[in-house]
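> Chains C and U, in that order, are what the protein sequence lines are.
Under full-length UniProt numbering, think of the first position of the first sequence as 1, with each following residue one higher.
Under full-length UniProt numbering, think of the first position of the second sequence as 1, with each following residue one higher.
Check each hint, because a few of them may be wrong.
Copies of the same chain look alike in the list, so a pair counts if it fits in one copy or across any two.
Calculated lysine to aspartate or glutamate pairs in the EDC-like style (CA-CA distance at most 20 Å, straight line) [as the list claims (entries may be wrong)]: (1) Lys460 to Asp388; (2) Lys561 to Glu33; (3) Lys63 to Glu255; (4) Lys594 to Asp492; (5) Lys222 to Asp334; (6) Lys583 to Glu496.
No lab work stands behind these hints, which were simulated from the structure alone.
Bear in mind that the values here come from a model prediction, so they are computed numbers and not experimental data.
Protein chains: 2
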Amino acid sequence: MPEYKTPMRDMKFVFNELLQTQKHYQTIPTGEEATPDMVDAILEECAKLSEEVLSPLNQVGDKEGCKLVDGQVITPTGFKDAYNQYIAGGWQGMSHPVEYGGQGLPLSLGVLKSEMISTANWSWGMYPGLSMGAMNTVYLHGNEEQKRIYLTKLTEGTWTGSMCLTEPQCGTDLGQVKTKAELNEDGSYKITGTKIFISAGDHDLTDNIVHIVLARLPDAPKGTRGISLFIVPKHLPDASGNTGEFNNVNVGSLEEKMGIKGSSTCVMNFDGAKGFLIGPPNKGLECMFTFMNTARIGTGLQGCAAAELSFQGALAYAKDRLSMRSLSGKKAPDKVADPIIVHPDVRRMLLTQKAFAEGGRAMIYYAAHKADFLIDDSNEEKQARADDDLGFLTPIIKAFLTETGYESANLGMQVFGGHGYIKEWGMEQIVRDTRISMLYEGTTGIQALDLLGRKILLDKGAAFRRFSKEVSQYCKGKSPYVTGKSRGKMKDMISELTWLNRQWNFVALRLVFNAMRNKDEVGSASVDFLMYSGYIVMAYFWAMMAEKAYEQLAKGAEEDKDFYRAKIQTAEFYFARILPRTKTHYATMMSGSKNLMQIEDEHFAFA
Amino acid sequence: MPEYKTPMRDMKFVFNELLQTQKHYQTIPTGEEATPDMVDAILEECAKLSEEVLSPLNQVGDKEGCKLVDGQVITPTGFKDAYNQYIAGGWQGMSHPVEYGGQGLPLSLGVLKSEMISTANWSWGMYPGLSMGAMNTVYLHGNEEQKRIYLTKLTEGTWTGSMCLTEPQCGTDLGQVKTKAELNEDGSYKITGTKIFISAGDHDLTDNIVHIVLARLPDAPKGTRGISLFIVPKHLPDASGNTGEFNNVNVGSLEEKMGIKGSSTCVMNFDGAKGFLIGPPNKGLECMFTFMNTARIGTGLQGCAAAELSFQGALAYAKDRLSMRSLSGKKAPDKVADPIIVHPDVRRMLLTQKAFAEGGRAMIYYAAHKADFLIDDSNEEKQARADDDLGFLTPIIKAFLTETGYESANLGMQVFGGHGYIKEWGMEQIVRDTRISMLYEGTTGIQALDLLGRKILLDKGAAFRRFSKEVSQYCKGKSPYVTGKSRGKMKDMISELTWLNRQWNFVALRLVFNAMRNKDEVGSASVDFLMYSGYIVMAYFWAMMAEKAYEQLAKGAEEDKDFYRAKIQTAEFYFARILPRTKTHYATMMSGSKNLMQIEDEHFAFA
């Protein structure tokens with residue numbers, strides 16, 4: 001298994017140099033505490049935890065998996081110790097309010113923390129990660145008592161949380177939810193039903209788990225408008241707010257999965273468990289989805305993490321493994337063969353991984369700045385706009401970065417040749433672990449419908465046009481992220497980006513027009529449109545990163561000149577070898593729905 | 001796990017209607033026996049074996065895997081029984097000479113057998129599959145005694161064979177092979193060394209295994225010109241030719257792999273085992289690679305098999321699973337939601353699988369016709385030309401069909417949403433099993449170098465030009481496969497194919513020219529060129545299949561009209577939604593080597 005080494009230089013390049021986060025922190029209330037020294041100290045400490053504690057458990061988690069013993073899930077060796085260190089460090093509440101035990105630091109700083117943890121050990125990261133979902137839900141929709149009882153425990157990490165949405169008959173289509181909630185005399189509810197695919201649904205890291213459960217009141221309307229949200233703890237809190245009596249929340253079974261085996265995926269049976277309504281009745285879906293953007297960006301992060309980790313493993317191997325000679329002449333004449341990094345196709349694979357890892361990082365940190373405004377209630381207009389902007393970027397980040405992350409993980413395995421297929425090296429584990437990211441939190445197809453069907457069609461594309469305008473302003477030399485002093489070097493990239501940005505607008509208009517005539521045009525174009533959009537969004541960041549690197553070089557950054565040159569070279573690779581994928585997506589999404597719809601359901605196969 | 005159902009209608013369409021194999025069989029010596037009745041009976045029986053015996057063991061093999069017990073590999077439950085049925089049916093020697101116990105039927109018919117077996121249970125199919133490699137080697141390079149002793153046992157299946165090439169330090173770069181062969185007094189050799197990744201290197205299906213081993217004589221020249229080939233049986237034959245004393249061939253360990261877990265992958269230690277030189281000294285690599293084309297086409301078949309099996313699973317699920325409503329109006333108003341096959345993006349995924357499975361089938365059967373001429377010594381010119389033609393098609397079939405097969409397997413999993421990630425459904429197993437096919441028998445990168453570096457550059461592209469000319473003749477209405485009577489319906493596809501075929505020639509010339517100036521241009525363009533070529537080759541077959549379907553419809557094939565219409569619709573899908581991928585590959589392969597080569601090895605990453 002590749003040992004995770006935090007790519008600190010690149011993280012700081014994006015965080016400090018490109019996005020100038022310190023300037024941004026002066027505009028948000030939580031930014032005050034996040035001084036440069038504080039940020040550096042936090043990143044150092046989190047890197048240490050990730051590299052020294054979590055990374056060594058990554059392969060252990062895969063090998064041992066979780067076990068169900070007497071109705072209780074046992075996590076792999078070392079997971080609990082690592083969790084104890086994590087909560088002792090106060091990491092869980094880093095970006096949560098001080099009044100509930102958190103540190104009140106910006107959400108965007110928490111994203112860097114998540115990145116390190118996820119790259120070092122995604123399976124382990126699922127436990128605190130799912131808890132974030134529960135914390136956000138209680139914070140935003142819980143009443144004061146619920147916050148006092150549950151949020152504090154969750155923020156300090158004494159308890160964890162889970163999100164119980166999916167049932168056997170429905171995942172995407174939550175209108176089909178059947179779990180029942182019947183009013184008890186004391187004002188609580190009796191929750192009965194079965195939930196599946198519940199990540200962190202049970203484990204031995206803490207002695208209590210707070211489930212956030214979607215269920216239906218007896219008189220609720222059918223479909224999505226009749227779903228309510230409940231807090232259902234595994235153990236009820238006792239009089240002093242600590243873990244009390246068992247609440248009939250049972251693990252039905254543990255799923256056997258392709259990957260993320262260290263993360264428990266449970267079938268949960270609520271057998272008349274006591275639940276507490278959170279948020280208004282029948283508004284459960286709206287409440288559940290409030291923080292969906294940030295959760296989905298967290299999943300996009302896994303794509304980026306997979307690209308990074310697999311890249312680290314493949315790069316080390318490519319420098320080490322000796323095979324064949326370079327076609328353009330021996331490169332290591334003293335060795336029995338050349339290291340495979342000399343071969344152009346191996347470099348193509350490595351650069352693809354690198355371009356996706358670093359490009360994805362920039363996209364995610366940028367989105368994280370937007371997310372910082374979400375919890376700033378002082379400026380509602382700014383908040384609403386940030387929410388819209390994030391709503392547009394979220395499906396792209398989630399689906400595009402997980403698809404390209406999976407591609408990157410597969411390329412890393414490919415660099416290893418046959419050895420990539422052997423478990424010992426850990427490269428195939430990254431492929432298996434990453435595969436889930438295109439499925440959960442809404443599949444790629446669902447993200448694509450969200451982007452094209454909702455964010456472009458229904459919302460009239462306001463956020464899309466705003467983003468596209470930012471790109472066009474950048475192309476015209478007006479950007480908060482670069483000075484424009486090195487614009488002379490950027491001609492080719494800027495002209496390509498300008499052209500594609502125009503085409504993007506044309507395509508969006510054209511698809512809206514098509515959809516007005518025939519609704520099936522939406523789903524016929526959606527995934528291609530999403531991927532096409534992803535390549536353009538990432539091109540914007542690669543262009544800016546190259547320009548920033550030129551600017552830093554011009555300032556004479558002697559000690560870092562190799563880093564900046566490599567940035568520019570990777571941007572050139574991206575524009576020459578990755579961005580042309582837009583050509584295919586353009587052609588296919590414009591090809592109409594007939595080629596998909598004309599074949600009869602019964603004519604797909606013949607015996 | 002999807003239960004394999006032989007796609008007999010489609011197999012016969014390609015075999016009988018498109019390629020008119022019976023006509024072809026009149027031109028080869030082994031064709032005489034393969035009458036229509038005989039062929040039908042064989043396909044029926046093999047379908048039964050594959051569906052009823054092998055398919056039910058596919059998931060068992062994955063779950064149990066192989067075990068190493070007291071130095072002996074134990075295969076999963078049921079594998080040995082299935083193997084006994086297989087040899088009792090005489091399946092192993094179907095396409096091998098009657099004089100060594102075979103049935104002397106055409107090699108191309110054996111390909112349909114392999115297809116059914118591989119799709120039903122690839123892991124199980126590895127045991128007889130690897131044995132084929134050993135049989136071919138002994139048949140072509142063994143002396144009469146070696147054939148008498150080993151080939152007969154292998155042909156009847158009493159013993160199996162393995163191919164021992166790879167060592168820890170080398171896979172692709174076999175010039176690094178270190179295994180030693182020292183002459184014994186009796187003319188045999190003492191073989192000492194370690195081989196890794198040996199499929200079917202040990203198992204309990206038979207009581208003896210014939211290893212074909214690459215090793216080095218004491219005075220051998222360095223590199224690839226100093227490698228010889230040896231027969232090294234696990235047990236030496238006794239005086240009557242049966243399994244005799246143990247020959248110091250030991251299993252060092254069993255690899256833990258991502259997939260094909262029912263197939264044993266062994267580290268083999270030859271501890272002074274007795275070996276017998278086969279073929280001329282120091283010519284081992286040439287001998288080993290004689291039948292490489294057919295072995296690699298067998299791997300391409302796995303890609304096709306993965307697409308087919310995953311398609312079968314995904315199609316059934318897509319008709320069954322109810323989720324959301326069609327955007328263009330309810331399609332199943334009586335149900336709680338529509339079956340997901342109504343959604344355009346689900347259809348896109350299914351049609352992609354279908355297009356790759358059926359298109360790949362046509363490519364493979366076509367190549368199998370060429371392979372039939374290889375064992376026809378009566379016409380040496382025809383034989384040499386078939387070998388060249390196959391040499392051109394092989395890297396495309398191997399790499400393109402495994403890459404698209406892997407894509408198809410992933411799409412099948414994607415159709416299942418989160419359920420695709422759960423082992424029980426068997427969809428993720430197909431992904432894991434298939435992943436090996438892009439690695440073994442030469443990675444995609446190696447196939448691409450073979451295609452562009454050898455078949456186009458070194459061989460001056462004669463076979464490429466011959467194939468491309470066949471495509472252009474077809475476009476002009478001169479083809480042995482269609483009558484041309486329905487040409488009127490084919491305008492769009494023919495014009496697209498004509499154009500791309502011309503571009504293909506231009507690209508090949510251009511890359512040859514680039515490579516003359518700079519050898520790194522080869523590896524920089526090779527994988528894109530291979531995939532680009534694959535899409536064009538498959539387009540040729542899809543166009544022909546559509547035209548054949550039009551012709552059959554015009555003849556009034558009433559009972560099959562749905563089948564033919566679906567063929568045409570799938571061809572339209574392929575041209576509209578898959579073939580535009582050539583646009584991206586064109587752009588990237590023409591982008592030159594600088595964007596890959598300019599970055600210093602040490603500048604790929606910074607701490």
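> Starting from the hint list further up, note which numbers the structure goes against and sort them upward.
Of the numbered hints given earlier, the structure breaks just one, which is hint 2.
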